[in-house]
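Using the sequences plus the hints, can you model the full thing?
4 protein chains.
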Amino acid sequence: MVDHAPEAASAQPYEIVSEHAELGFNQYGKAENRLVHVRRDGDVHHLTDVNVTSQLRGDFTHVHTHGDNAHCVATDSQKNTVYSLARDGVGAPEEFALRLADHFTRSYDWVNGGRWEVEQYSWDRIVTENGPHDHSFVRGGKEVRRTVVQRDGEATFVVSGVTDLTVLKSSGSAFVGFVDDTYRTLADATDRIMATDVTAWWSYDPDHVSGVDFDATYDSVRQIILSQFAELHSLALQQTLWAMAVRVIETHEEVTEIRFSCPNNHHFTVDLSPFGQDNPNVVFFAADRPYGKIEASVTRKGVPSEPRAWNTVPAFA
Amino acid sequence: MVDHAPEAASAQPYEIVSEHAELGFNQYGKAENRLVHVRRDGDVHHLTDVNVTSQLRGDFTHVHTHGDNAHCVATDSQKNTVYSLARDGVGAPEEFALRLADHFTRSYDWVNGGRWEVEQYSWDRIVTENGPHDHSFVRGGKEVRRTVVQRDGEATFVVSGVTDLTVLKSSGSAFVGFVDDTYRTLADATDRIMATDVTAWWSYDPDHVSGVDFDATYDSVRQIILSQFAELHSLALQQTLWAMAVRVIETHEEVTEIRFSCPNNHHFTVDLSPFGQDNPNVVFFAADRPYGKIEASVTRKGVPSEPRAWNTVPAFA
Amino acid sequence: MVDHAPEAASAQPYEIVSEHAELGFNQYGKAENRLVHVRRDGDVHHLTDVNVTSQLRGDFTHVHTHGDNAHCVATDSQKNTVYSLARDGVGAPEEFALRLADHFTRSYDWVNGGRWEVEQYSWDRIVTENGPHDHSFVRGGKEVRRTVVQRDGEATFVVSGVTDLTVLKSSGSAFVGFVDDTYRTLADATDRIMATDVTAWWSYDPDHVSGVDFDATYDSVRQIILSQFAELHSLALQQTLWAMAVRVIETHEEVTEIRFSCPNNHHFTVDLSPFGQDNPNVVFFAADRPYGKIEASVTRKGVPSEPRAWNTVPAFA
Amino acid sequence: MVDHAPEAASAQPYEIVSEHAELGFNQYGKAENRLVHVRRDGDVHHLTDVNVTSQLRGDFTHVHTHGDNAHCVATDSQKNTVYSLARDGVGAPEEFALRLADHFTRSYDWVNGGRWEVEQYSWDRIVTENGPHDHSFVRGGKEVRRTVVQRDGEATFVVSGVTDLTVLKSSGSAFVGFVDDTYRTLADATDRIMATDVTAWWSYDPDHVSGVDFDATYDSVRQIILSQFAELHSLALQQTLWAMAVRVIETHEEVTEIRFSCPNNHHFTVDLSPFGQDNPNVVFFAADRPYGKIEASVTRKGVPSEPRAWNTVPAFA
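Chains as they are written, first to last, in the working numbering: chain A, 1 to 317; chain B, 1 to 317; chain C, 1 to 317; chain D, 1 to 317.
Honestly, the hints are just simulated from the structure, not real lab data.
Just so it is clear, the structure is predicted and the values come from calculations on it, not from any experiment.
Quick reminder that beta carbons are idealized off the backbone N, C-alpha and C, glycines included.
Incorrect hints may have been included.
[As the list claims (entries may be wrong)] Here are some chain A residues the structure puts well away from chain B; computed CB gaps all over 12 Å:
hint, residue
1, H71
2, S136
3, D188
4, Q228
5, D288
[What the hints assert, rightly or not] To give an idea of the interface, some chain C residues facing chain B are shown, with a C-beta separation under 8 Å as derived from the structure:
hint, residue
6, T65
7, C72
8, K79
9, G140
10, K142
11, T163
12, T166
13, H208
14, S210
15, F275
Written out as structure tokens, the structure is:
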């Protein structure tokens with residue numbers, strides 16, 4: 001049984017011993033450090049708006065078992081480091097996360113890895129009658145650019161993504177020929193609205209992380225997703241995801257795998273016949289729950305999926 | 001005391017009598033009917049994505065006091081009506097709300113008013129290498145266009161607005177010279193980030209609702225807000241709101257009043273000196289709570305604010 | 001037209017003049033100051049967890065029109081005041097808001113009113129095998145106790161409420177006999193689930209604010225709401241609200257008016273007949289949107305509703 | 001390159017071929033089926049309120065690569081199945097998920113696995129002056145009971161948890177002796193508020209799933225978490241999690257591993273000295289972001305963590 005010191009005891013570390021339990025995977029740090037950086041290019045300002053989470057891995061056993069903080073780099077100190085390292089600019093989210101990984105693993109002997117996540121929010125320059133403004137901005141779309149960088153000893157894994165990229169097509173989507181049994185009540189649809197909030201994450205080849213232009217790849221993957229969504233006549237949301245994935249894999253050698261987790265945001269044609277009206281696919285009810293949930297990974301042939309890259313990426317769940 | 005029939009009783013209306021209580025203002029209906037309309041212009045589709053709330057006012061006393069539903073137009077029926085009236089198009093949110101107002105007050109003798117609220121979400125056409133797509137769309141910014149239309153007998157009140165229009169300027173904002181007493185710990189700031197999520201609502205002159213181009217006014221007011229935010233050297237967020245309001249009132253004769261409710265989304269300069277670094281307004285912490293909350297109404301001179309237009313508009317709260 | 005100094009100008013106040021616009025109602029302050037107070041009763045701790053918003057009203061015209069902050073009690077200073085006044089305890093939310101009202105209106109000549117809102121979150125003492133713990137707590141239900149106190153010169157208005165008090169009854173609710181016309185497709189229901197998230201706000205008699213035991217009234221009103229919801233055989237949600245209101249008005253002389261804004265959280269009986277099953281009101285789909293929205297005010301006979309108490313209370317919208 | 005049929009083409013399946021891409025892990029289904037079940041025990045009703053997600057795995061390659069839905073059990077059909085299987089009761093969330101697993105893998109040859117997630121919301125019986133009510137309920141705490149059941153061929157994995165179990169202790173927590181370097185600005189704290197929203201997930205021994213009383217284990221684990229939080233004098237949140245885990249592992253033979261993901265919800269002592277006041281740990285500011293994030297897994301000695309149980313459980317991310 002657990003036997004612990006009474007609360008009144010002095011705050012000296014001591015071991016909480018267990019015959020049956022042992023500490024497994026663990027990581028800790030400071031989450032959601034909201035950081036805005038302003039870069040001045042003469043009078044013209046450039047804005048970087050990110051949300052940074054830093055978590056360390058290594059020899060932290062005694063923090064858990066003994067309450068001994070000798071190895072504990074406080075989460076507050078991790079926060080300080082995030083802001084300090086941003087002093088001269090953030091760069092691409094992936095680059096900033098990699099700098100954090102380097103910093104922490106080099107600074108503390110017992111830190112041999114960690115996880116750094118960055119979300120980035122987009123801003124557009126406000127345009128007035130005098131043109132684009134030097135230092136005034138309006139938030140862009142609701143989509144969020146993201147990255148999860150993990151360091152494991154000498155190995156580094158970069159998985160980047162986009163979430164909440166909401167798209168809808170009002171034609172060019174069908175869903176027919178699915179299993180017809182007792183539990184089917186849905187009719188075939190030869191022309192339906194297809195809508196989803198794309199969550200896509202893709203892993204970078206660990207051997208080629210250093211030379212990647214992460215901004216360019218992000219822009220390109222995002223555009224491939226939009227173009228394929230628009231132009232493919234879809235027979236199933238699964239097929240659309242496959243088409244997106246194939247083109248990403250074929251276009252971007254630096255990408256080893258891409259995963260999608262996409263709701264099917266149902267838009268139901270409203271039955272107007274009780275009111276003496278037809279409804280030739282013009283009036284729809286946009287439903288909330290339940291929703292379809294379609295998830296798929298597509299890998300580069302011959303390159304197995306790397307669990308250490310993906311095990312803490314919020315997808316497939 | 002309340003005296004009511006046991007649950008086992010038959011469902012016959014009966015009066016719950018009170019010597020001391022009387023029914024006051026009331027309204028009821030169906031909220032958040034999510035409606036998507038697709039208009040086909042040849043192969044080119046046009047999307048209208050709205051969220052419609054319908055609430056009726058009139059003689060509904062016996063629904064409350066007796067549980068007698070003879071006058072009750074079911075909220076489900078109001079929902080049906082929303083979808084039915086959208087069969088041939090929605091138009092501007094204000095126009096759709098006005099059509100609902102006309103329909104309900106004309107259809108039921110005992111309905112003499114009501115409240116219809118419409119939110120509209122923006123979509124952009126997806127652009128591929130083949131140009132703008134005919135029927136595929138991506139969600140635009142997170143801001144929401146809104147309207148609250150109220151009918152009270154013969155009178156009609158239209159108040160329209162925008163919410164979640166998030167803006168930030170990285171220079172051109174100061175805050176100095178405020179009250180200096182025991183409770184002040186904030187230093188003067190001659191150059192700070194100013195950021196807010198604009199909520200603005202404006203009322204239309206009830207005598208000139210019929211001729212208004214609501215889409216054009218919306219676009220213009222939104223642009224005035226952005227331009228004033230960008231171009232005014234701000235001495236206080238209050239001053240910025242005043243400048244926006246003045247220009248709206250002076251530009252749009254059809255607008256009688258405009259109200260703002262704006263957080264001051266604080267961006268604090270991070271103290272990097274413990275790490276041997278300066279911070280010449282480049283690294284900021286974007287805070288969540290608490291936040292400033294600045295609210296102001298600006299009216300057209302000589303035109304008093306109309307409570308019946310504003311009393312259920314979600315502002316100043 | 002607005003004519004303003006260029007951004008490069010020095011930060012001297014100047015007037016933004018308008019021939020057509022004038023400043024109306026305005027208030028400003030610091031919103032959502034998250035405050036936790038710990039009171040020590042020997043070893044036994046008592047927790048008060050609140051969210052406080054402070055907004056001032058008075059002569060703040062020049063802040064808007066001139067950017068002159070001489071009268072501006074910074075929102076940061078208001079925040080400081082909130083924490084300072086909590087030093088020796090918070091008390092009931094209403095009492096704390098009243099103390100803030102007194103403080104601000106007494107401290108600054110040009111402040112003649114304001115609005116103070118307090119939300120309170122409930123915590124239960126953790127119970128272990130050793131009994132209720134002295135200083136360890138678990139969050140209670142999701143409902144929130146709230147108050148909005150407004151000061152207008154010599155007058156003080158207290159409106160208190162509860163939000164997100166979620167209730168459901170699986171029997172004892174019917175909805176029959178409503179309007180049967182073209183737009184009705186809903187069948188009569190003699191036994192349905194009724195569920196709602198109660199939002200209730202009640203105003204205190206301004207002449208009797210000083211002697212009220214706000215905690216006792218809160219507990220009593222909450223219990224009346226629950227009991228009436230449970231025990232009334234409901235013919236309409238409107239009737240249930242009326243029954244709650246009547247009993248509150250009759251029980252609490254200090255309450256002059258009570259308002260409800262309640263969704264009808266629909267639970268639809270699922271049609272299991274395609275699967276060869278009946279469904280005698282046992283399996284339900286809990287829908288999100290749309291939902292019914294039922295709003296009603298009940299006043300004490302002979303006491304007119306007081307707009308200054310209610311105009312910034314978030315109800316009916 | 002991707003080569004696809006024009007949208008105008010008939011909806012015949014065809015292959016989107018890729019030389020470089022191959023389909024990896026995939027699953028699909030219907031998410032968040034909101035299901036309420038009412039069980040009648042004479043006049044006394046019992047409520048089960050759950051949110052069910054069903055996702056299938058198996059041979060669905062052609063749905064992706066060809067848009068061929070012959071194997072596709074529509075997400076709508078999965079929804080129907082969820083409601084149909086609930087006809088005679090839900091039971092423990094784990095039991096319901098296991099029944100869904102059995103049903104789907106037995107009904108379709110090509111379905112060899114899947115993922116079923118159930119969230120459960122708690123309701124308390126409303127108590128009136130007449131005692132606990134037969135069929136009227138009020139929502140309990142905001143915590144959510146959850147389970148993720150995965151089937152992989154013959155193997156079945158059950159991981160259950162609790163999320164949003166919010167706790168706070170106002171004494172009995174210290175944080176001292178952590179790394180002191182350039183990036184440390186935080187002082188030692190010998191007596192601080194410790195608060196967190198516990199997310200805990202635990203896996204059941206796959207060999208002993210059939211005999212488990214899941215309700216009893218849930219109640220016991222939850223109580224252990226609360227008791228350990230309350231009674232351990234904490235030297236670090238990590239230590240508290242370890243103590244909770246040890247006692248769960250030692251008490252529950254059926255549990256093979258437990259994982260925690262817990263924010264450190266910071267409560268900062270407010271500096272009241274500018275206002276001439278001390279603050280002996282009585283007034284705190286409850287911060288939102290950033291927050292500490294402490295994550296740890298504790299396994300039973302000799303039982304390795306099972307990736308197939310954990311790979312889609314939303315923890316450590």
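Here is how each hint holds up against the structure:
1. H71: For A/H71, whose nearest Cβ neighbour in chain B is about 21 Å away, the distance exceeds 12 Å, so it holds.
2. S136: Non-interface label on A/S136 violated, nearest chain B Cβ at 4 Å vs cutoff 12 Å.
3. D188: 20 Å, holds
4. Q228: 9 Å, violated
5. D288: A/D288 is in fact no farther than 12 Å from some Cβ atom of chain B, at 8 Å.
6. T65: 6 Å, holds
7. C72: 4 Å, holds
8. K79: Check passed: Cβ of C/K79 comes within 6 Å of chain B, closer than 8 Å.
9. G140: 21 Å, violated
10. K142: 19 Å, violated
11. T163: The hint is violated - C/T163 has no Cβ within 8 Å of chain B, the shortest such distance being about 13 Å.
12. T166: C/T166 check fails; min Cβ-Cβ to chain B is 16 Å, beyond 8 Å.
13. H208: Violated: closest Cβ of chain B sits about 16 Å from C/H208, beyond 8 Å.
14. S210: With a minimum Cβ separation of about 23 Å from chain B (threshold 8 Å), the hint on C/S210 is violated.
15. F275: Check failed: Cβ of C/F275 comes no nearer than 25 Å to chain B, outside 8 Å.
The structure fails to meet hints 2, 4, 5, 9, 10, 11, 12, 13, 14 and 15 from the earlier list, while all remaining hints are met.
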